[in-house]
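Could you fit the two chains together into a complex? Lean on the hints.
What follows is each chain in one-letter form.
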Amino acid sequence: MRINLILPIMMRFNIFICFLLAGFIAFPTILYASQEDKIKAAYLYQLTYFTEWPKSTLSRDTLSICILGKDKIGKELAPLHMRQSGGVHIEIVYIERPIDASSCNILYIANTEKKHLSLIFDVLQVESVLTVSSIKDFVKQGGIIGFAIINNTVRLEVNYSAALKAGITLSAKLLEVASLVVNDKVEVKHL
Amino acid sequence: MKPLSFVSIRNKLILIIFSVSMIVITVIGSVHFILDIQHVRKTMAQDLTSLTDLLGNRSSAALAFDISKLADENLASLTYIPNIIQACVYKKEGEVFSRYQRERSKIINCPKIETIQEIGFKFDDSQLYIVQDIFQQKLLLGKIYIASDLTPINTMLRNIGIFSAMALAAAALISFVLASWMQHFISKSIIQISRVAKSIEEKGDHSQRVKIEGNDEVAQLGGSFNEMLDALERQNTLMNRSKKMDALGQLTGGIAHDYNNMLGVILGYSELLEGALNDQPKLLKYASEISHAGERGAMLTKKLLSFSRGSQQDASSCDINSLLLGAELMLGKTLTVRVKLSLDLQEGLWLTWIDEGGLEDAILNFSINAMHAIEGSGQFVIQTRNQTVSPSTVNVSGLKPGDYVVLSFKDTGCGMDKHTQERVFEPFFTTKGEKGTGLGLSQAYGYVKQHGGLIKVQSQLGKGTIFTLYFPRYVQKTRNDSPIEQPTNQNEYTGNGTILLVDDEVALLNLSSAVLEEHGYTVIAVDSAEKALKILTQQTVDLLLSDVLMPEMDGYQLTSIVKDKYPDIKIQLVSGFSDVHNVDLVENALYENTLIKPVKSAVLLKRVGELLKDC
Numbered sequence: 001m002r003i004n005l006i007l008p009i010m011m012r013f014n015i016f017i018c019f020l021l022a023g024f025i026a027f028p029t030i031l032y033a034s035q036e037d038k039i040k041a042a043y044l045y046q047l048t049y050f051t052e053w054p055k056s057t058l059s060r061d062t063l064s065i066c067i068l069g070k071d072k073i074g075k076e077l078a079p080l081h082m083r084q085s086g087g088v089h090i091e092i093v094y095i096e097r098p099i100d101a102s103s104c105n106i107l108y109i110a111n112t113e114k115k116h117l118s119l120i121f122d123v124l125q126v127e128s129v130l131t132v133s134s135i136k137d138f139v140k141q142g143g144i145i146g147f148a149i150i151n152n153t154v155r156l157e158v159n160y161s162a163a164l165k166a167g168i169t170l171s172a173k174l175l176e177v178a179s180l181v182v183n184d185k186v187e188v189k190h191l
Numbered sequence: 001m002k003p004l005s006f007v008s009i010r011n012k013l014i015l016i017i018f019s020v021s022m023i024v025i026t027v028i029g030s031v032h033f034i035l036d037i038q039h040v041r042k043t044m045a046q047d048l049t050s051l052t053d054l055l056g057n058r059s060s061a062a063l064a065f066d067i068s069k070l071a072d073e074n075l076a077s078l079t080y081i082p083n084i085i086q087a088c089v090y091k092k093e094g095e096v097f098s099r100y101q102r103e104r105s106k107i108i109n110c111p112k113i114e115t116i117q118e119i120g121f122k123f124d125d126s127q128l129y130i131v132q133d134i135f136q137q138k139l140l141l142g143k144i145y146i147a148s149d150l151t152p153i154n155t156m157l158r159n160i161g162i163f164s165a166m167a168l169a170a171a172a173l174i175s176f177v178l179a180s181w182m183q184h185f186i187s188k189s190i191i192q193i194s195r196v197a198k199s200i201e202e203k204g205d206h207s208q209r210v211k212i213e214g215n216d217e218v219a220q221l222g223g224s225f226n227e228m229l230d231a232l233e234r235q236n237t238l239m240n241r242s243k244k245m246d247a248l249g250q251l252t253g254g255i256a257h258d259y260n261n262m263l264g265v266i267l268g269y270s271e272l273l274e275g276a277l278n279d280q281p282k283l284l285k286y287a288s289e290i291s292h293a294g295e296r297g298a299m300l301t302k303k304l305l306s307f308s309r310g311s312q313q314d315a316s317s318c319d320i321n322s323l324l325l326g327a328e329l330m331l332g333k334t335l336t337v338r339v340k341l342s343l344d345l346q347e348g349l350w351l352t353w354i355d356e357g358g359l360e361d362a363i364l365n366f367s368i369n370a371m372h373a374i375e376g377s378g379q380f381v382i383q384t385r386n387q388t389v390s391p392s393t394v395n396v397s398g399l400k401p402g403d404y405v406v407l408s409f410k411d412t413g414c415g416m417d418k419h420t421q422e423r424v425f426e427p428f429f430t431t432k433g434e435k436g437t438g439l440g441l442s443q444a445y446g447y448v449k450q451h452g453g454l455i456k457v458q459s460q461l462g463k464g465t466i467f468t469l470y471f472p473r474y475v476q477k478t479r480n481d482s483p484i485e486q487p488t489n490q491n492e493y494t495g496n497g498t499i500l501l502v503d504d505e506v507a508l509l510n511l512s513s514a515v516l517e518e519h520g521y522t523v524i525a526v527d528s529a530e531k532a533l534k535i536l537t538q539q540t541v542d543l544l545l546s547d548v549l550m551p552e553m554d555g556y557q558l559t560s561i562v563k564d565k566y567p568d569i570k571i572q573l574v575s576g577f578s579d580v581h582n583v584d585l586v587e588n589a590l591y592e593n594t595l596i597k598p599v600k601s602a603v604l605l606k607r608v609g610e611l612l613k614d615c
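One line per chain: the protein sequences are A and B, in this order. Here this note's numbering is used: the first residue of the first sequence is 1, the next is one more, and so on. Here this note's numbering is used: the first residue of the second sequence is 1, the next is one more, and so on.
Only chain B is shown next, with the shape it has when bound in the complex (with noise of 0.2 angstroms):
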């Protein structure tokens, strides 16, 4: 473990400034001291010296002439020098000539002569004494030695170490209460990233920011820190928002698939009344508003189902460009005169596979609502361009990496306010009151995330909004892109064959049921796929006619174990709402060719028709 892991990072800076100014202090003031201390010495030393040379000088003479009492009278001259202590001529022979001692009550014998033959200076504990040969011109005549205390100079070095101490207290303090104030400059940052950082963990408040001060990496890390907040929380709000959305669309997709399930069978029946009234035209006719109620409402459920990403049943590679072209002048009369509609279509779109009525649908509807969102004149523009989306960008974009193609609706109403933004997609949600279904940017919603894309709202309150859908761009013809199939009058599919019809809603199954054995076909009714299944092991079947979604077993699943133990049985899948959990698990021209809940008689009985025409 690293040391000083668990100190903070304002202690640990507080410990680093603290500790280096307190080391450079501390060595400067120690080489500082050490170089007093030599300094000093040095220069007593060289003073000493001096002294030494020039009553060495003085007493030549009267070595030569060996006169000690003038020898005497120089040496006496160091009374005035405090610190000398003793001072000794000696003969060159060794011999004592004059001496000098500061200390009158006791005598202090000169050194030995061999004691001290070294010349020079020398320093013990208290005293420096100093040697040094007398000569006159190159004639040695005998030997000066002067011994100084070294007391005061000891003393005033104590004193100035003393002093030195007092400065380092005072420079730790002072260095203490600068660290403590200059780490705020460094931590200031990366605590508050810190906080909010933890913030974020304990509460999963993303809303909070990191304030950004100066310009250094620290403030740069600050940045990417709130950039990366901004981001997630970007993200959050999509996920957030396709979450609901798939929730929502989980919950219509279902209401639509029972309510199919039902307007199936008010169709269906009503078609059979409608075939058994043919002489009664007053029945016929109430047949006729029973079917033609059941219509308008599997319109609805048609719509709800785009939303909950019912079925591209009816998608086709699609250039935009080409079907806005074509759509300008309906789109033109639709917004009106007061609002101007501008196209700016970039060359050379890519193609899209996409359901062409249903992006009519939507550029309708988005075309309504900006003539809703303008009072008075304003414009509308729509755009389209190509976007190749790259691995780095995905985060932030929302989108798989890819090439899309652009479609923009930008108008400059009234806008939106940043709730009727988070909940503009939802079913039902609409700003319009009664006039509006809420059902139109659902619709466009489930449209775009059907067909693989992603649709974002940007708004500004008084400024307008910009509606951007992305569609993946169309490189591979993946779905049949046959003609939607046109009822047919239903007389002419008779046949025959063995049909097992599969479906968990009863009146279905028995509407379903009732058609076909009117047409000639057996029937074996069952309600779920593991009956299907017995059956299966029982009697030989013609037709696998089956529902896809029921309990416990759904029809793809019981379409890959029939195709894998009975290959020569037909299937035809019928499905109101799609799912794509197990999709898999059946061929794609199966899955493809899916028939659409309510499906018509007349349908129904030429896709059998067609299946069962060499049996």
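For reference, chain A alone in the conformation it holds in the complex (with noise of 0.2 angstroms):
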């Protein structure tokens, strides 16, 4: 049955002009996400300058930035491939199960995989891998570097101890812009 046989007309302008109204209400926010992944993509790559890993950990050519789960970022993340950094090539990665994130250098964890947190980290406790996130109070389950919305801004939140325990050394001024310091448990609330 076709629905024009089935809705009166009036009835059809009315939902007509409601998809409308909720095309002009969601379409700034369906914008805003859009800025929003590609400022995150681009600190993902900045933050490929504040980092040292173990240098056993590295690939003499290639920096591995892996996405776990489904993310509008990866879309953002794209033209990153194969751009360099600080002499080596970037490489992106998409990778379905945690186990595969242990050759990584950089792994983004999707919001999809907010339940299986401690599994990732219980996977990766022996790998210098950098996790970031824009999950909630993700540093402070364990995560290494965060992104979190703070006044329509997009802000970092470190827990410097993760990543001692993981072998990654984060640049001092990376700590100086985060706006949370996680060490051992105790937060430090900065900008």
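These aren't lab readings, by the way, just hints derived from the structure by calculation. Quantities reported herein were computed from a predicted structural model and do not represent experimental measurements. Just so you know, nobody snuck in bad clues.
List time: in silico BS3-like cross-link candidates among lysine-lysine, alpha-carbon distance up to 27 angstroms:
id, chain 1, residue 1, chain 2, residue 2
1, A, Lys38, B, Lys91
2, A, Lys38, B, Lys92
3, B, Lys138, A, Lys75
4, B, Lys138, A, Lys55
5, A, Lys173, B, Lys138
See below:
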């Protein structure tokens, strides 16, 4: 049965108006979400310049940024593939299982993996992987870098002790720009 | 004209020292000041570059993660650096990310990134600004710009400049004072030399001397100047003495000439009287006394003529050593036993052309003087040596260049003061009172001068005196070395012939005329050369017998004309006073055979007889 035939004309018009209004309301949010992903993608790239991995874990030629789970950031990271960072090429890798993250240098954990964080941290506890995520209170749960939205601005949260545990050296400047630094459960508010 | 040629040496030296000092100080000061400015600017640029690097580095994370507040806080720390006017952090796209400015009251916009693209620092009139890229590792994140105010630095440099100018002025003053003082070391001696030279030029006072200090070139110049003055003074003394002696010589020679003429008349007529009074013994004795007195007078005039370069008639080559050895015994007796005589004779002494008799007289005079000068016992040394005077020593010695035989007399007597030394050779000057004639040393002086030599005296009161005689070396026989003619019996010289007798002294003319006529000659007597020449145009003459010294035309000039126009006429010259003027007009033989007044009748007749024997 055709809808046109089922709904009266007036109702169809109202539904159109409703969709139109819903579209007007939803469009800025979609637009902002896209901008936020771009910033996060850019921050992921910048992080490579403020982070030092143990030499043994770094390949000579590539630096792997892995994405675990489904996240729109992957689309924004795509242009970074094979781009250079400090003399090495960046490689964007999509992984499906936490176990696959052991070969990554940076692991971006999508919001979809919120429930598997403990598992992921268990898998990576002996690996030098910089874990990054937009999951709320990510750094408090054991992640190293978290993206937080403060006053409509993407800000960094840092778990310094987790980074040390992973054998990763974060630049002091990174700690300086972080809005929250967690060190052995102690939280320091910055900016 | 050279610059500064009118400026005194003192002012020149001050100017040179002052200028050099000021140039050096100014150059060094300027270089130092410029280096100071450069150093200050460089240090400031380095400091600001370091600060920019630091702030850029600290802003890198803020830029990377877009936290401008953090960058603002970083830039706010510039508050503690008062010179910083403005600071801006730019994103790499050129957008101003963060800014700082000292002046809160007025917002100063950050310069556009396009206008500050160049990385590095730049000075303009009042600002230094620096632009640096901000990197995180090799990732370009943006740029940082910091501008610093140069006013305090410029004020400081201006103060340094003012201080330097004041220091330069003080240095100029010190330099001038030092230059005025230091020039004295160089100019003092030069100015003194100049003053002495000017004083000599203006006052003719050669006795002044430059005071010598130190041993530098100027002191050496002063020493040489003094030596030159010494030599000049010696020369002047010699010249003055020579002039004085020449004048005295002329005077005494003139007197002697006149006396000779008078003595000639006295002797001649007394001889004639003697001949005429052979039968009257008493009158003959009177005539002999007159003749004897005339001869003594003739001896005196001979001495005077010796002083006035009278004659070298009796000169011959002489070995002074032999003469001294021959006279040693006589000299020893003269000096008496209280004075020891020593002869210091050089072997191979050169010969001289002198009158030995005159030298014997001179040696005797020096010996007698030495004996008188030595009180009690003493020593008298006669020394001979050869000496060559080179052209370079001529001025000092007063001798012409050449070889000389030097004869010196050194005594250990009482010596002479300077005044006595200056007058010692003057005729009739004596320190012996009535005991001395004052002719001994003047005769020696004339004798040495007559032989082309020189006599010097050195004496020191209480120590003794040295007389040094220089005789030219004899290298060529120039005069007839004939023996002295002895008077002979005049009766043997009768002859004939026409004699033109010329003498301006009428008494002598008459005497000679009488003697010659008495012995058979035809005599034409005239009292001037002009008259003689006139006579020669009128009649034939066999012999011209002429005096030398005559007014208007002398005997030499007359002889020259006669030789030229009347070569057959024999010529005999007679002279009482040798004058070298016009001597070159006559032949050497004629000059050498001149008869010296007063001429004894027999000598005259003998010579005339010889000349006219063929007539």
